[in-house]
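Chains as they are written, first to last, in the working numbering: chain A, 1 to 284; chain B, 1 to 284; chain C, 1 to 284; chain D, 1 to 284.
Be a bit skeptical, because a hint or two may be false.
Because identical chains cannot be distinguished in the list, a pair is counted as satisfied if it fits within a single copy or across any two copies.
[Stated by the list, open to error] Result set (PhoX-like, lysine-lysine): computed pairs, CA atoms no more than 25 Å apart in a straight line: (1) K203 with K13; (2) K109 with K132; (3) K266 with K132; (4) K266 with K252; (5) K109 with K279; (6) K271 with K252; (7) K69 with K271; (8) K14 with K272; (9) K145 with K132; (10) K157 with K132; (11) K56 with K96; (12) K96 with K132; (13) K14 with K69; (14) K157 with K87; (15) K266 with K96; (16) K56 with K14; (17) K272 with K252; (18) K148 with K96; (19) K148 with K185; (20) K145 with K69; (21) K96 with K109.
Read the hints as simulated data drawn from the structure, not as lab findings.
Predicted model only: the values in this text are computed from it and were never measured.
Number of protein chains: 4
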Amino acid sequence: MYAITLVIQCPDKKGIIADVTSFVYQYSGNIQYIDQYVDREKGAFFMRLEAELNEKNCPYETFIEAFEKGPASEFTMTWSHQPIAYKPKMAIFVSKYDHCLYDLLGRYKSGELAVEIPFILSNHPDLAPIAKAFEIPFYYVPVTKETKANATQEQLKLLNQHEVDFIVLARYMQIIPEELIEVYKSNIINIHHSFLPAFPGAKPYHSAFERGVKIIGATSHYVTEELDAGPIIEQGVAHVSHNHSVSQLIAKGSDLEKIVLANAVKQHAAKKVMVYGNKTVIFT
Amino acid sequence: MYAITLVIQCPDKKGIIADVTSFVYQYSGNIQYIDQYVDREKGAFFMRLEAELNEKNCPYETFIEAFEKGPASEFTMTWSHQPIAYKPKMAIFVSKYDHCLYDLLGRYKSGELAVEIPFILSNHPDLAPIAKAFEIPFYYVPVTKETKANATQEQLKLLNQHEVDFIVLARYMQIIPEELIEVYKSNIINIHHSFLPAFPGAKPYHSAFERGVKIIGATSHYVTEELDAGPIIEQGVAHVSHNHSVSQLIAKGSDLEKIVLANAVKQHAAKKVMVYGNKTVIFT
Amino acid sequence: MYAITLVIQCPDKKGIIADVTSFVYQYSGNIQYIDQYVDREKGAFFMRLEAELNEKNCPYETFIEAFEKGPASEFTMTWSHQPIAYKPKMAIFVSKYDHCLYDLLGRYKSGELAVEIPFILSNHPDLAPIAKAFEIPFYYVPVTKETKANATQEQLKLLNQHEVDFIVLARYMQIIPEELIEVYKSNIINIHHSFLPAFPGAKPYHSAFERGVKIIGATSHYVTEELDAGPIIEQGVAHVSHNHSVSQLIAKGSDLEKIVLANAVKQHAAKKVMVYGNKTVIFT
Amino acid sequence: MYAITLVIQCPDKKGIIADVTSFVYQYSGNIQYIDQYVDREKGAFFMRLEAELNEKNCPYETFIEAFEKGPASEFTMTWSHQPIAYKPKMAIFVSKYDHCLYDLLGRYKSGELAVEIPFILSNHPDLAPIAKAFEIPFYYVPVTKETKANATQEQLKLLNQHEVDFIVLARYMQIIPEELIEVYKSNIINIHHSFLPAFPGAKPYHSAFERGVKIIGATSHYVTEELDAGPIIEQGVAHVSHNHSVSQLIAKGSDLEKIVLANAVKQHAAKKVMVYGNKTVIFT
């Protein structure tokens with residue numbers, strides 16, 4: 001027995017669900033979870049499905065090939081699949097802030113995150129001791145105007161060598177080069193320390209303080225070429241008052257950042273996030 | 001064209017989704033929404049489905065009959081259906097507290113609740129003027145030890161006459177007689193002014209104050225014979241501090257009660273709530 | 001015995017609290033509540049105080065005069081006072097949306113709002129029946145390009161006649177003229193249907209939908225000459241998903257608007273909001 | 001210059017605030033924060049005050065002595081004080097669950113918690129490697145029926161040796177002996193994995209699942225002799241649905257536990273929590 005996750009996107013049409021579920025049934029599969037969403041305005045259909053199948057009757061590769069020739073081509077699907085048992089490889093990029101790193105590593109060690117972490121990469125050497133304490137390889141790849149091109153190549157090499165599936169920017173204070181974004185499209189997760197689209201850019205807590213807002217937020221989104229404008233995965237908020245100084249806003253915000261980022265990572269790792277246009281569909 | 005909601009409960013088995021969706025497809029129906037849930041431990045399958053069908057090809061009654069003979073009997077389903085356009089008839093029972101009544105009626109008049117309100121019933125005459133202001137019939141049915149049996153008969157007569165689908169207890173301070181509960185099983189919605197199962201019974205805000213809790217709540221549930229122990233539909237919470245007096249807890253709680261009750265009503269009216277055992281499955 | 005609320009703003013200096021509390025003590029007053037806030041960066045001191053005094057020993061006017069000559073002049077305070085028993089007069093301005101109006105009037109009738117409502121004013125006749133049902137005078141003051149100046153005069157006349165203390169814009173879809181803003185500085189409360197500063201201006205729910213946000217909000221703020229940029233009083237948020245259509249965002253948002261506006265009204269009426277610069281200090 | 005926190009509890013009486021603030025003023029102190037609360041029913045007055053004083057004019061000990069002889073004896077205060085710069089010593093007790101431990105240590109290393117952690121103590125050896133990774137001494141003190149009395153003595157010895165100010169039970173699965181509770185009265189912080197008073201005792205997530213609640217919670221409270229019944233410091237909640245299995249409830253709950261416990265620790269360390277009766281007053 002093995003379990004598989006299918007994630008499907010295609011033009012909306014009558015009969016897709018009937019066709020896909022009948023297909024699984026025909027291969028003696030048992031659907032354990034199905035969720036779908038239709039964007040009626042754009043005529044787009046989205047589905048996420050978990051099924052249990054029998055290796056003897058229908059090996060993984062056989063099922064995938066048959067699905068590709070069957071429903072996938074019939075409905076011109078964009079689709080992907082992943083064994084439920086598979087733990088995607090997640091690289092963490094950091095700079096000097098350590099709160100999100102500690103949080104991710106603590107959750108990882110507690111068994112809360114179904115991922116592997118092949119390495120941590122930073123443009124500063126400061127957080128190397130944390131990597132060491134958690135026994136994870138640490139690569140120091142400085143980024144300056146002059147070294148930027150080389151740094152990108154080194155990053156790509158490391159990501160490639162370790163067969164990294166997706167990247168988490170745990171408060172990594174560098175703009176990601178286009179080349180990396182292209183290779184890891186919808187696979188680079190950033191945490192922005194504000195409730196986007198309010199206060200994009202640097203120093204959002206200072207801006208929030210100046211504006212006198214009563215709620216602050218954090219936003220996890222996929223990195224696209226336009227800064228802080230990629231598809232939003234998850235947002236969190238906390239109430240604040242006049243009483244909070246900028247540094248207290250930052251402290252409260254750090255808590256949000258950790259939770260919002262961790263949730264985004266969990267959903268992404270479980271293939272629960274689908275990107276279309278500049279938005280996400282998130283299955284629960 | 002007409003739209004229909006199907007709500008299904010049956011023993012879990014391979015192929016249910018495939019069978020049901022193929023059935024709808026065969027009748028040229030277009031599934032607009034499908035959600036399902038499986039309780040693996042108990043082997044129970046739940047599904048909610050909205051579909052658009054064509055009156056000419058397949059009138060409502062034809063579809064219902066065919067479904068009954070087809071998937072419903074094949075999988076021994078407990079199921080129900082409702083035209084999406086149908087507005088269920090909701091009776092409101094009140095006593096003297098008016099905040100939930102004002103809230104429900106305001107939402108009703110704003111077009112927020114997809115229901116009809118044939119009447120308001122009370123064991124006190126106090127709230128009659130509100131019913132009048134909102135132009136809804138008001139019945140005063142006093143309940144005393146002596147009149148209890150008669151009152152129940154009068155209530156049943158009114159509910160029957162007006163073909164009431166479900167009852168909302170908007171802070172109705174009387175125990176509902178078994179006879180009524182039987183007729184309206186899983187169709188009487190109560191709002192309890194605490195976060196059940198903490199503080200059941202009367203005066204929960206006083207108990208919450210005594211215990212020094214930092215959060216208060218409200219719970220909407222179906223009425224069963226065991227007091228405050230029926231299946232929970234919706235819960236809401238609010239943070240409080242040592243600073244809140246009992247009367248301030250009550251004021252904060254009133255806000256919760258209104259929102260939690262209104263949400264429960266909306267979900268029930270849209271047939272999004274399924275009861276099984278002493279729990280609910282709520283489709284979104 | 002009478003109770004009084006004092007609200008004070010002045011340059012920060014040692015000894016203010018000692019001086020004010022000693023002053024109250026000297027007049028045999030009993031302080032029931034005191035809260036203060038210091039903006040260290042700007043050297044600004046803020047205090048809110050509730051005290052019980054004895055009419056015989058120290059009539060209201062005597063106390064006010066003595067305070068003016070005493071602490072108020074010593075520390076060059078900007079201050080104001082209000083008997084706790086006083087219910088400020090609140091005018092409601094509306095257009096065609098009725099959900100905030102129903103909510104405010106329901107709360108008013110339930111005794112939840114410590115205000116009087118001398119009248120409801122609208123630039124459309126549509127909501128007159130609601131005013132009638134709640135037995136509150138309704139004035140229809142249409143606003144067109146040509147009539148705008150006259151309309152402002154008529155509004156001012158009505159506000160003046162009824163000795164209105166503050167104005168609530170319960171989704172009033174007109175820009176407030178400068179003349180009115182000047183007279184009612186920090187006394188006009190607006191509800192904006194987004195989480196400011198994100199999505200200012202019209203159609204924020206459409207913008208939120210386009211951006212694919214996972215949280216929507218509502219903001220209550222004082223009206224200033226710059227549109228949607230005045231001091232924020234209260235904000236609320238709700239989680240949403242890809243699943244929410246624009247109309248569902250609007251429905252969820254309406255709930256937020258009601259609660260956020262009602263809370264802002266309660267705080268303002270109790271003199272718990274102090275404006276300084278473009279921000280508010282809110283005492284609890 | 002030094003800064004001091006005063007925390008005061010006494011019978012309510014006119015003039016306390018005036019007296020205390022005048023006292024500070026007289027010693028050329030500058031009050032930076034003051035908050036008070038009166039429980040009118042019980043006639044109890046509570047105050048928390050932060051002030052800056054000058055070591056030359058008024059050394060710490062001089063101020064303390066003068067305050068004891070002055071306001072403290074005049075109003076028969078129960079009071080305590082702490083230099084704001086002081087970092088209280090916090091011992092962490094754990095068993096086998098590691099999520100709260102990782103969270104506390106991550107926050108500690110990030111500089112978020114203003115405490116020192118002299119040691120971690122456990123009745124199991126399992127979490128020793130985490131202590132090692134974070135370079136904090138780890139003591140393994142097994143507790144069995146036979147060794148219980150000895151274990152208590154060993155715990156007391158360690159606490160005494162390291163001059164521990166307060167103890168955090170980060171999911172420590174042992175009942176705390178009375179002897180320890182007496183010594184550390186209102187200084188042992190527990191995290192209970194439910195929304196007390198609902199679901200006290202073991203396996204609250206299983207109980208919550210059985211009852212079909214729509215919200216789960218976590219509660220941080222001081223340990224008293226009655227199990228799970230001590231004064232509540234902080235509570236947190238999260239929404240759940242029928243869709244959550246017991247293990248998903250546990251995962252969601254773990255997040256709550258971490259945040260609620262960390263917040264309780266921060267408030268306790270800053271002397272913002274006052275216990276009276278079985279409740280807490282929490283200054284912000």
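Practice prompt. Using 25 Å as the alpha carbon limit, work out where K145 and K132 are close: within a copy, between copies, both or neither.
Written response: Classified as neither: same-chain Cα gap 29 Å, cross-chain 39 Å, threshold 25 Å.
Item to complete: Tell me, please, which holds for K96 and K109 at an alpha-carbon limit of 25 Å: within, between, both or neither?
Response: both (21 Å within a copy, 13 Å between copies)
Item to complete: Since the copies are identical, ignore which copy is meant and state whether K14 and K69 lie within 25 Å (CA to CA) inside a copy, between copies, both or neither.
Response: This pair counts as both: shortest intra-copy Cα distance 19 Å, inter-copy 23 Å.
Fill in: Up to 25 Å CA-CA - K132 versus K109, copy category
both (13 Å within a copy, 14 Å between copies)
Practice prompt. Pop the pair K14 and K272 into one bin, within, between, both or neither, using alpha-carbon distances up to 25 Å.
Written response: both (24 Å within a copy, 23 Å between copies)
Fill in: Alpha-carbon proximity between K271 and K252, which holds within one copy, between copies, both or neither at 25 Å
So K271 and K252 pass the 25 Å test across copies only (19 Å; inside, 29 Å).
Worksheet entry | Intra/inter-copy verdict for K148 and K96 if alpha-carbon distance must be at most 25 Å | within (18 Å within a copy, 45 Å between copies)
Worksheet entry | Up to 25 Å CA-CA - K252 versus K272, copy category | So K272 and K252 pass the 25 Å test across copies only (17 Å; inside, 28 Å).
Discussion item. As a check of your reading, is K266 near K132 (CA-CA no more than 25 Å) within one copy, between copies, both or neither?
Written reply: Classified as within; 24 Å inside a copy, 28 Å across copies.
Worksheet entry | Copy assignment of K266 with K96, given that the CA separation must stay at most 25 Å | both (23 Å within a copy, 24 Å between copies)
Worksheet entry | Intra/inter-copy verdict for K109 and K279 if alpha-carbon distance must be at most 25 Å | neither (31 Å within a copy, 35 Å between copies)
Discussion item. At most 25 Å between CA atoms: does that hold for K56 and K96 within a copy, between copies, both, or neither?
Written reply: neither (51 Å within a copy, 40 Å between copies)
In summary, the structure is inconsistent with hints 1, 5, 9, 11, 20 from the numbered list given earlier, while agreeing with the others.
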